[in-house]
Every structure is written in C-alpha cells, then in structure tokens.
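Chains as they are written, first to last, in numbering that gives the first Met the number 0: chain B, 0 to 359; chain W, 0 to 359; chain R, 0 to 359; chain X, 0 to 359.
Among the hints, a few may not be true.
[Unchecked claim] The list that follows gives simulated cross-link-like pairs (lysine to any residue, SDA-like), each with its CA atoms no further than 20 Å apart:
#1 R:314 - X:183
#2 R:314 - X:270
#3 W:314 - B:32
#4 X:176 - X:149
#5 R:314 - X:42
#6 W:201 - X:42
#7 B:201 - R:52
#8 X:176 - X:119
#9 W:201 - X:196
#10 X:314 - R:314
#11 R:314 - X:149
[As the list claims (entries may be wrong)] Rough simulated footprint, nothing fancy, chain W against chain X, three-plus residues with beta-carbon under 8 Å:
#12 99-113
#13 249-263
Because the hints were derived from the structure by calculation, they are not lab data.
Remember, it's a predicted structure, so these values are computed and weren't measured experimentally.
Each residue gets a CB set at the ideal place from its N, CA and C atoms; glycine is no exception.
4 protein chains.
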Amino acid sequence: MSQLASPTASRVAVIGASGYGGLQTLRLLLDHPVLSATFLGGERSAGQRWSSICPFLPLPDDPLVQSADPDRIADAADFAILSLPNGVAARLATQLIERGVRVVDLSADFRYRSLDQWSKVYAQEAQTLNRSDAELCQNAVYGLPEWQGPAIAEASLVAAPGCFPTASLLPLLPFLKQGLIEIDGIIIDAKTGTSGGGRVPKEAMLLAEASESIAPYGVVGHRHTSEIEQMATEVAGQPVQLQFTPHLVPMVRGLLSTVYARLRDPGLTADDCTTVLNAVYRHHPCVSVLPVGTYPATKWARHTNKAQLSVQVDKRTGQLVLMSAIDNLIKGQAGQGVQCLNLMAGLKPETGLPLQSYYP
Amino acid sequence: MSQLASPTASRVAVIGASGYGGLQTLRLLLDHPVLSATFLGGERSAGQRWSSICPFLPLPDDPLVQSADPDRIADAADFAILSLPNGVAARLATQLIERGVRVVDLSADFRYRSLDQWSKVYAQEAQTLNRSDAELCQNAVYGLPEWQGPAIAEASLVAAPGCFPTASLLPLLPFLKQGLIEIDGIIIDAKTGTSGGGRVPKEAMLLAEASESIAPYGVVGHRHTSEIEQMATEVAGQPVQLQFTPHLVPMVRGLLSTVYARLRDPGLTADDCTTVLNAVYRHHPCVSVLPVGTYPATKWARHTNKAQLSVQVDKRTGQLVLMSAIDNLIKGQAGQGVQCLNLMAGLKPETGLPLQSYYP
Amino acid sequence: MSQLASPTASRVAVIGASGYGGLQTLRLLLDHPVLSATFLGGERSAGQRWSSICPFLPLPDDPLVQSADPDRIADAADFAILSLPNGVAARLATQLIERGVRVVDLSADFRYRSLDQWSKVYAQEAQTLNRSDAELCQNAVYGLPEWQGPAIAEASLVAAPGCFPTASLLPLLPFLKQGLIEIDGIIIDAKTGTSGGGRVPKEAMLLAEASESIAPYGVVGHRHTSEIEQMATEVAGQPVQLQFTPHLVPMVRGLLSTVYARLRDPGLTADDCTTVLNAVYRHHPCVSVLPVGTYPATKWARHTNKAQLSVQVDKRTGQLVLMSAIDNLIKGQAGQGVQCLNLMAGLKPETGLPLQSYYP
Amino acid sequence: MSQLASPTASRVAVIGASGYGGLQTLRLLLDHPVLSATFLGGERSAGQRWSSICPFLPLPDDPLVQSADPDRIADAADFAILSLPNGVAARLATQLIERGVRVVDLSADFRYRSLDQWSKVYAQEAQTLNRSDAELCQNAVYGLPEWQGPAIAEASLVAAPGCFPTASLLPLLPFLKQGLIEIDGIIIDAKTGTSGGGRVPKEAMLLAEASESIAPYGVVGHRHTSEIEQMATEVAGQPVQLQFTPHLVPMVRGLLSTVYARLRDPGLTADDCTTVLNAVYRHHPCVSVLPVGTYPATKWARHTNKAQLSVQVDKRTGQLVLMSAIDNLIKGQAGQGVQCLNLMAGLKPETGLPLQSYYP
C-alpha cells in the first residue's frame, strides 16, 4: 500500500479487514482520492497475504494482514476504522486514542453516552469485558454525519451508528425536532438483508435457511431500540419510547425502515412533510428525498452511501408513514464510517463515496 | 380427468387454470381424496392440451383446456373455483349460480357486502364492468373458514379473501372481538413474495427487478385495506380504520403480516395473548399458534394451508405485536378456496390440504 | 411417535435427525402410509424435545431426540436411515446390522465396493476412522432403485447414492449399457443448490456469499467423480473415465446435470434417444422422460422424488446432450433413501413419496 | 446534460435508454472522466423527463428522452451507443454513420461479417427487416477489445459481442490461436443471470418463475453458437464447430462460462495453461487471470467490466477446463460498449470503467 506523499493526515488503518465491515471499508478506500488504507489488521488472518484471503479484491502491493498492535498502527496510520465484534473494539480504541490515532468504531461499544446504559443493553459483552472507560464513552461522538457533522469533524473517537438506527433516524429526526408528531406510539418496522449478520457462519444466515423466507427476529427489546431512542430523545428534547421490529429478508444487502407516527396537526399533507425533509437534507448529498408517491426500493440504494427517503400521509388515520432505504453495509456501516473519516480529515462528507447504484 | 362414481357432489371446475391460482388449485386437487377437477377453463389457452401449457404438472388423461362456457361447466361440475382477474369473475359467477353450480371466487368481486363499496374500491374495474348484481354481493359469504365456517358450508357463492386480509385478520380478529385492543392506531406492516402479483408478466415482478430488493408499494389506500377493515369492523362491532402497508419481498411465495395494536389492559402478557389465540384456534387445524418467543418464518408455512401465528407484548410501550405467516398462494388463495370447497361439500375443512412444509 | 400395530416391519429409526437429510426423511415419513419414524437419533440434540429443535415440523407426541445407541435403536426400529457425516456412519451401520436392523446409509461410507477405493477418495476421513469393514463394503448395495431394485429389496445395507451421481447416472446409464456413446470424452457439468452443503454453517454457504453468484468448485477430482465412474464402468462393462464439474447455484434446492457424450451412430436423433430413455424408465414412476424440445427446470422436480430427464442431439457435432433435474434433498438424498426402504419393506418404490411439485 | 467544453469528440448518444443496456451505459458514463451522454433516445419513453422513467438514477439536468431522429442525434453527439432489439438497430446505424456519427451497436445486427449468415441465424428478424447493407456488415468491427483493439480504434461501426461469446471467447481464443487444443469436441456450458433476458416483461423471467430453479434453454442451435464459432474459426485459422448450452440461473446479473476442450499435448499442466492466458492478457486491465486452484464466482465480477478467468487440467482425461466469469450487463454488454468507445475516442480501454466489485 503506497503511502501518500501528502502532508495532510490521510493514512487509514482498517482493523478487522476480512469481515464485511472491513472489506467494504477497503473497497471504498480504493476509490478514495485522498484517504488510503495503510494498515490491515486482523486476528485470524494475521500473517497472511491479503490476496490469499480475498482473491476477489486485489489491493495494491498485496499487503500482509497484521495483528492489531496499537504501536504499529499508530506508526502506520492517522486514522483507524475498527470493524470488530461488540465488546472487543473498546480496548483497542482506547489504546489508539492514547497514541494519537483518531478512531471510527463500527461496533456498538461507544454508541451510548453512558457506559452504564451500554452495560445494560450489551449485558453479555459487558460481563466478559469489564470496561472502565465511562469518560471515553461520554466524549465519543455518535457518527450520524447529517446531524452531528461539526462534532464529528473535531472528534477523536466516533461511534458509527448501527444500520437500523441510521435508516430509521434519518427520516424520523426532522419530525421529532420540529414537534410535528406525537412522541408516543412510534412504530419502526424494519427489514434487512442477511449480510447484516456478518461473515461469521451462522445457521440462520445460510442461504438454504434464509432464502425464500421472511421472518421477524428480536421482537421487543432488540438492542438497536435503545440506540434509536437515545438519539430520538436528544433531538426531541423529551423521552421517546418506541416499537422497533427487525425482519430478515432474503437478500444480500439493503435495509428498509418503514416508520409510523401520528401527526400532531392532521392537516399536514405528504407534500408538506416532504418539504420538511427537503429543508433538512437539501444540502446533504448522502440523503435523497423522493417525490411524493415514489417509494424507495433498497435496490436503488445498493452499493451507495445514500439514504433514499419518502413520505406518505394517511388523512383518514392521521398517520405519517416514513420510508427509508439504505445499503446496510455502506450508509449503514462502512460508508458512513468513511463519511465520518472525511469530516475528520477536513474533506467534504461524500468525498470518494459512491452515490449512484448500478441498476438492476 | 376421470369423473368419480361417487354420487355426492365432488366434481370441480377450475376456471383460469394456467394462472397461479388455477395451477395451485389443480395441484391441490390432485392429492384430494374426494374432490377432483373435471373441467379446466381458460381463455388464452382454450383448445390446448394441458401438457402443452404446463409440462411440469401432468394431469390424468391430459385434458383439454376449454373456454369457460357456463352450460358446459354446469354439465361437468358441481363446484367451480374461479381464478380470474378482478371484474371478470362476476359475470361468470352469476351464470354458474343460475345453473346450480356452487362457486368459490378467488377474485375480489364478491368480497364486499355492498356493491357500491366494491365500485368505489375497484373503481377502474367498475367502470368497464358496469355490474348490477348488488343482491348477489350481499349474499356472498366471505370465505375465511375459521370465522365463517357454517355460512360457507351453506353458501352458493363464496368470496375467498385476499392474501393480505387472510394473514392479517387471523391474528387480529380474536383481539378485536374480545375488545382487548384499542380500535384506532392499528398498523399492519405486510410483506409478500412476488407470486402474489400473478403470472402475467409485469416489469416490477421480473427477477432482475425484484430480486435483491425490498420495497413498499400501495402505501396508504391499498385496496386490501378496505377489505381488512370491513371484516374487522364486523367482528369488533364498531368501525375500524387502520394503516396497511404492503411490501414486495424477493421470494417466490410466502406472506408475513406484522400487526401492531395497543393493549387496553397494559397488564396483559405475551402468555395471556397467546392463550387468547389458542382458545380461538385450538380446533382449527389450518392455524397454528407458536409458543411465546418463537416467531414464524414464511418458510415454515410454505406449500401448506396453515397460518403460523405468534404474539409478543412490549410492556414498556403497551404494544401488542402480532405475527402471521402464510403461503400466499395456498392459505392466501387456492388452498383457502379448497378449504371453502371442503366445507361446502360437507367435508372437514383441511381435507386433502398440505399442513406440513418441506424444510428448508 | 405411535408405533404401528402392523406386524410387518415398518418402524424406522432416523439418525442425524436435525440435519437436512434427517429432516427430509422425517417429513417424508409423516406422509407415508406404512413406514413411520419410531426413533430419533442425534448427537448435539440428544435429550431435547423435537419441538424445541424444529418448531416448524411438529411430530406426533413430540418425541425426544436420543443418542444413537445401537441397542436402543434395535429395540425401537426395523430399519435405520443414517444421515451422518462421511466416516461417522460406518461404525454405527456395522453395529446396527449385527443387531438385525436393516440400514440405509445416506453418507458415502458404503458407496464403494472396495474399502481401498473409499480410503483413497475419502482419504481424510479414512485417516481418522481406520476402518476394517471391507467385507461389509463389498456386500453393501448401491441404492439407485431404478438400476438395483432387486438387490436393494434383499439388502441389509444400502448405500444411497450421492446427489450428483443420482442425477448424472439416470440419463447416462441407458446409453452406456447399450453402447450408444463413446466411453471417453463424457462431460458432466452439474449445478446444485446450496442445501447440498448441509446445515452446518459454512462461510461459502451464507446467503450473503452464495446469493447473486454462480461458481464452480471441486474442479477436477471432486469425490463424486469416482462414484459416478464406478457405476458407469459396471454398466458399460469397461472402464469409464469422465469429466465432472459441480457448480454452486444461488437457490436452496435443486440439482441439474447437463451431460455431454459423443454418439457412436451419428444418425441417431433426439427422438431415437428419447425412446431409449423411455424404454428403460417407462415403468419407473420416479423418473419422467420429457418430450423432445422440453428441457427440465429444477423447479419442476422440487419437493418431489422424481428425476426429470430430457435429451437433445446436435447433428452438426454428433453430441448427445442429456439433461437431468432432481431435488437434491429428495431424489438426491432422503427421498431416494425412503425409496430404498420401500423396496426393502416389500412396498412399491414410490410408496408415500411426493411425485408432483408445487409450482411456482 | 452539460456538453463538455473539450474540443475532442466526447459526446455520446444513448439510444434505447431505459432498457438494461441503455441504463448501464448511462450509469457508466456518469463516472466517466471524458465521455458524457448528450442525447437520450427511446421510443416508448420519448417526450418524458428521465426522472419520471428512472427515479433511481438521477441524471444532471434531468434530460428529456427524445425519439431517435438521426439528424438530431448527429447534431448532439459524436458517438452513439445503440441498445435496441435485434433487427431494429441496423437501419438507425446506417443513418448515423452517413451523418458522421460513429456507432457502437449492442445488438446482434452487425456481429456477422456476412449478411447472409446473419439472415440465416436471425431468420425471423431478417424477414421483417429486409436488409441490404451487406457491405456495412463486412466493414463492421467485432468489438472484443482484447482481440480487436486497433480495428476498433479506427472503426465507424463496432458490433459489441454477445454476453456468452464474450465470456467464452476470452479464455478459449488463446488456446485456439496457439493450436494447443483439439478443435473438435469443444463444449461450452454457460450460465447466466436473468437480466440477460432484458427489461421487457416475459413470463420466464418473472421472479416467481425463475427463482429457486436452474434450467437449460436454447439447447443445440442457440444463436450465440454461430457468433462464437465465427470468431473461434478466424483465430484458429480453420473451421471450428462446438457445443454451446446456456442455462438460466436465479440471479440478477453474472455469467459464467465453463469451457471444456481436449489438450493436444497431454503433458501440459494447469500452470502451463495459466501462463498461456497470462501471456495474452497481462496488459489488458479488463481481464484478470486467477491463480491455479482459485475458481471465479460471478459475484467477483459483478458491477465490473472485468472478466475473471481460471484454468484447470485433468491429467487423467486430458481435458482442459476453462472458467470465465463476467457481469453480463457490463463486460457482457454496456461496459464492453464503453470500452470500445474509449478506444474509438483515443482513450485507454478501461477509462472510467469499474474494475473492482463490491463484495458481497
């Protein structure tokens, strides 16, 4: 991997390189005009040439995958993207920040301002990890660039949001912020492709099991519920409790969130509500607001870092229906991570990110 | 097709034989111990041998497909299953009933007690058809066997429910009937495979378009909304208006309905609510209620005439979450049609119907 | 599980019940008029209620899964179907036969007449297993019912063929037997769904990996090559060496074999060759020969125990093209196992087996 | 659409814009540093804004689709890519060339040097079209850039190869050219995703029909056979007749060709044969030769203009097995068209084309 001559910080370490998050990050950086991967970290694959692990994604100079030694990472990189299991990222993040490496963490470890809250939601991980980095948690920035842009730009530690929270919050937050919807009774019915389950083999994610089927899972109490509620509460300025139900869809990638909320003013039309979204996202190139009556398919968002939003209103019931489609591995994970890196590096958020899908 | 020697009515005409509804009906009748197809009707395929249309589903004696002449149908059959486009079935149904043939109609033509209501919801079809059979509409029985069994058994005209109404009403009706949920704010988020769109080629149903994607459609105002509301209103004893959003899922068959409603009594648990369903469906072999914490995958219902139901309750929000998986072409269409025929023929409702899937 | 009152042998032990082979066997036996599962064996799942493992396939009386103790199996069953990993089945098979239980083994352990040959092909398994049952290997019957019917009926040990050999040999053997094709230069290009890889999670079988992709694997030297060649050699009466290339197809089940061979008599037409197949398979209800110009889709064979065969001839090149579609888990595995059991129990081979698919 | 200020020819008309070929071309040109679409032609969609047809692929300034008037095209563009049905492209191509527009035709109309040959193979189209442009056929260049680069660079009319010929010829031609394989007995077993069938709805391409199934079609006599043979014959220097069998695979895009041929020298190894391919393609960035033992999945080639080749040799049978994976809509169609345009415009062939997939 050629190190850039450029004096500005642009060297990125990708830790957990052979999982889907790492793979996507590497793929995205290949097309990036400024940032480049200068360190590949992995546990199981340490010591191997990249080409022997992923013959389908050739990297320049076919680098070795290395174990994630903080000192070596700090030597090689200005930034690190961590694509590690929940509960594993926390320790490395701390070590890297101490060494001056700015970190984007794709796990859930720093998504909660309160370590106590994290320990409750990720109870199993909390037990084995025994964390004591409450302060770091508090200072970490929630990496939803359209809402936290300036804070991300300054951050030393960014917690990239989960895929479901990303898709669900983008259409919901403008209405919560402006007080246009009732804060109780919000329902998020979400649908994701199986790559969201990661690359480690699990029976439920086998093609033979997941294909030709759709099923709910984690009904009531899925961990992304609390993540969505934390951000919704902050923006609404009052406690938000909502219903979140994820479903597994027989496709590789793509995530659709259908969000239901009751309008406070029953006179608001779909056009009005589309205007609300447009006002917020007009200058955000990674969000697209569709015209009324056009509903997003996840295929439209596939292989892009763009969220496709649409609104409909039912005058009879007073319900607002928000639809939001993303690529769960890009805008829902690695792409959003790179978007955060862009801001941290002083670049435009969309720099180097794909915004148009290949259809069909 | 061999006509049975049995004196009891058992001869079935299948009209619209080469569409998915007709195909499924024929396939189901092949395994039926009493009923058998004795007339195959079709427009485009009239005059052709069955084997030249569907080499993959050999029928005994390789019958000719015939045009749907009411007199010839009445000669050949005691019952008719009509699998025709909306707005086309009505006329033939009338003619058949006049000739003493008892009819199960898989289209939407007789699902509304009021012809006016039908004409509003199916406005386009109403314009070209100009129906005047209000009385017949009023007398037609809505063919949800678990709720209308005795009426179906006596009926001369049964309107088999739509696939979405079937999946959605089965878990919802017990709670409406017992007044356990608020009647406003009900949300039905439904997901269907593409075979629900029929066999006539449409761009949106091409594998190249629909695969690797999920998308909402018919948001606010889908025609099944009013069908669901009609039955919900009858059972609740007061007007029900609800939110219904269908989604297209990249799979051949299967339909999942996720239904959200607010419990009136916040103390009810998932166990309580499962008991409610069990009490209603214990003696209905075409409905299965899953234990708390087990959520249905549509794959479990595939190629069966069984609905798989499950309940969950969120104590925090007071929401009831109902999940219902069916095979859209069997319990959601042709299988339910045969279930109705069984009742009309004095048989047990599940006679000859598959109740166990082949997994995976 | 109710034991049948019938005095004839009809009790079947299913060992390896929660894998795909076991699951299919149990599902098939549910519809069987004579045979029934009276013992469920499994290692990882021993001690659990069946419903807790497979809520989607309720069995009568919800039996316990037991560890595969030979004595208890012999008490409970007349027959055993073993659906165990290669190299694991051999020992249990020996123990069961000693106890008078007649065995159908779905693994590869007894597919070779010569233990030496097996040890060469399954070298890895041979190392850990250290078998000394050469005689049993020699006496085991290769369970291709259309070609070995009488031997199967008498056998105490039947080795059910692999999925690829089944699909490939059925169309090929008649031409080899009659000397109609050159025995060198035969090419088998085969395509299988991912359920052939079993239920144990593997990265390559994840939906995220296998979907939206087709790829060859095991190119040159796949183990089924030698299994196909053994049977081809026996039927041809001279050594046959051929090319076999499997491909992984993004679907759950289904297997298509496209077989290329040079005709000895260039004057033979597709009609002639179809007649050759018809002459052999006319009275075999688990094989269907399609008319010239109709090519089988695996969907036509899905969820059935029927092989769909078709022939085409290229006059220009003198090539015979044979096409053969099966359901890899039924005619390619468990269904064929039950077909063998039927013969062993003195029943018609197709007894209780599904022969018609649900389309689409 | 902004016209570039650059004096060099860079304006491209895309005719048949809303089909898959046109869509892909437009998508590829969006990322192109030099070429840009300056005219959108379509019949059914003429007069409509692009965004109303394809809301998922926003184009700058949301152009109108226009009817394909040769004069207006000639005013607006230096080049034209025609993505029209076979037999329709020929007339427009002639008119455009007369007006000085250089044409890349994605149809089969100019793929044969001899109009007579075309009329035989495309007999149905020939009857309705009544072509008299034999000379133009003779002068058209077959647009396989790795083999016809210089001729393409000078051409006024390029016929982009079919998807199957592209995938099959790339691995095969080097061995034919060097006389390393027998020229008789070559077998091409090819597998394609359903997008190859185009965007016009056809029953066989419905998800409900094509999903969960693989099937051969066009067995013996598929029209791409003659196209492959024409080029193979030219390169081999003697007449080549081969067997070509396409199969429909349940995936959107991707095409795999498995090619079997007998080595003349049985001593050649897979390494030797890989060297042969490397020698030819080393400097061709749109072809990748995989190491021995690594076999291409179509997923590796998806959304790229790169062919992934691999070789294996069976010492026992003397067979060479060539594997070739492409994206049927990019390297198999529109991408190859743009690759040709690049050469015609004096650019490097890979300019602006995606060469790395997004995995998974």
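Evaluated hints:
1. R:314 - X:183: Holds, at about 14 Å.
2. R:314 - X:270: violated (35 Å)
3. W:314 - B:32: Roughly 50 Å between the alpha carbons, so the hint for residue 314 of chain W and residue 32 of chain B is violated.
4. X:176 - X:149: The given pair, whose Cα atoms are some 18 Å apart, holds under the 20 Å limit.
5. R:314 - X:42: The hint is violated at about 41 Å.
6. W:201 - X:42: Roughly 19 Å between the alpha carbons, so the hint for residue 201 of chain W and residue 42 of chain X holds.
7. B:201 - R:52: holds (15 Å)
8. X:176 - X:119: At roughly 27 Å apart (the allowed maximum being 20 Å), residue 119 of chain X and residue 176 of chain X break the hint.
9. W:201 - X:196: Measuring from Cα to Cα gives roughly 14 Å; hence the hint holds.
10. X:314 - R:314: violated (29 Å)
11. R:314 - X:149: Outside the cut-off at roughly 38 Å; violated.
12. 99-113: violated (count 0)
13. 249-263: The restraint on the segment 249-263 of chain X holds, since 4 of its residues have a Cβ under 8 Å from chain W and three suffice.
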